[in-house]
Amino acid sequence: MIIPGFLISIATFPGVIVHEFAHMLFCKLRGVAVLDVCFFRFGNPAGYVVHEETSDFTTAFLVSVGPFLINSLLCIFICFPAFIPLKVFGLKQPLSYALLWLGVSIGMNAFPSTQDARGLFHYAKKAVSSLSPLAILSFPIVVAIYIVNILSFFRVDYLYGIGIGLGLPSLIFR
Amino acid sequence: MIKVKCTQCGRTLPVKETSKTDDRILCADCYEKLTSTQETVASEFRYLADPTVCGRCGFDNGSSPLPSLANLPMCQRSTDYLRNRPFPSWIKISFAGLIIFVVLAAVWNMRFFLAWRDTKVAFQLMGQDMGQAADRMRGARSRVPESSDLQTLSSFFDGIVYLQQDRPKEALASFRECKHKLPDTFGVDILILRASAGVAFDAKDYDGFVVVAKEMSVKKPDDHSSFAMLASAYACKYAVTSDMAFCEQAMAALERARTMSGGDPSFREYEQRILHRLNTREILSPKEFHRRFPNGWQQEKE
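Respectively, the protein sequence lines represent chains A and B.
So for the first sequence, the working numbering puts the first residue at 41; every next one is plus one.
So for the second sequence, the working numbering puts the first residue at 115; every next one is plus one.
In case anyone wonders, no lab produced these hints; they're calculated from the structure.
Where hints are given, some of them may not hold.
Cβ pair distances, simulated, as ranges [claimed, not checked]:
hint	chain 1	residue 1	chain 2	residue 2	range
1	B	Pro181	A	Ser169	48 to 54 Å
2	B	Glu396	A	Lys127	52 to 58 Å
3	B	Ile116	A	Lys165	38 to 44 Å
4	A	Lys127	B	Gln279	57 to 63 Å
5	A	Val90	B	Ser178	24 to 30 Å
6	B	Asp136	A	Ile190	54 to 60 Å
7	A	Pro134	B	Val325	47 to 53 Å
C-beta: ideal position from N, C-alpha, C; glycine also.
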């Protein structure tokens, strides 16, 4: 059964909000003008940040990858403590379920949008050709993000959230 | 503010109130009239931007064009605002709430993490220091008292410590709490038999001791300690009945255990106790045996 993307966005709305929050936060940190912002809406896309274009790769990288970092870290911080009582000790506490939903919601919205991924890939290619150290170091991440976006049809981005929120702690807390 | 003339009606208007289509500058009224008669015009329509008026706040810079930001004329105030756009209050409150919630949840769940760590350490210590391992497991249980799994594991660890301390009654009570609650790999059934044998020995119920030892030898036929226990039980029976049949059964079981032991030093000590029992028909507890023969017992010396 294929669940429409907008339904997933509604079910994981905290992740959408955190994603746009992170975008805007990195725009502010890098002095990029934010022209318009929507943290959540019932539509496609569920949220967006319209910002000015930048020619600086570091800025483009941080603005695009910022949500990936923030959402992933928050997902891990929220899911890991909630995982132990539920899965290790079998204690079915409502708080654990709430935290896991929150954490996985945030993790499922970690990946940059297709537009951001394409933009970042375009910038990275240019920056790598000019031998920028950050671009060279981050290129594998950029390529991975680009590939995941290509595979987003198969919901690989959502699987990533489930993977780091539930899969990773299950590997650690056996 | 730049003003232009509508090419259709000739009115002079601010440039941002006009549109350019087919190279003609049109006011809104003329555009409306044209789109109702010429369908093609609509697709080519676009608004004209006035480079002297701020695209965000409408600030009029007179005749001087404003700097451009994202292809829009922008005054300094708007530029500063957009470059450091404030988060809406509800976002600030929500994010602060989220962080507080996450921190509180982490603090609340810390005891589970510590209990998990104690459990891990307890299993690591199992082969080295069972006393410490049981302490760690008890610590885990006290951190998460609502976990039945931890209670079971703690009882299991306590049971092993009691067995090591030669307190079979307490060990049996602990192992019975774990029965059917742990996987077979924990060997709870075997440990229950070991503890039961100890309880029977302490109660001088040697018939019961033989029954348990026989069951043990059936369940663990590859373990030399099973046959050593059987030898011990028959030796007890011999000691209290003087029936040589029990002595022969004890010797046979002991021989089998010796063959299987492969020189295990703990077996050597156990063997001495059984041989002493068969020779003297005196049943000594392990503690008493060690007290009397701190350097071991040899048959020839008696």
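How the hints compare with the structure:
| no. | hint | in the structure |
| --- | --- | --- |
| 1 | B:Pro181 - A:Ser169: 48 to 54 Å | 30 Å, violated |
| 2 | B:Glu396 - A:Lys127: 52 to 58 Å | 55 Å, holds |
| 3 | B:Ile116 - A:Lys165: 38 to 44 Å | 40 Å, holds |
| 4 | A:Lys127 - B:Gln279: 57 to 63 Å | 35 Å, violated |
| 5 | A:Val90 - B:Ser178: 24 to 30 Å | 27 Å, holds |
| 6 | B:Asp136 - A:Ile190: 54 to 60 Å | 41 Å, violated |
| 7 | A:Pro134 - B:Val325: 47 to 53 Å | 50 Å, holds |
In terms of the numbered hints stated before, the structure departs from hints 1, 4, 6, listed from lowest to highest.
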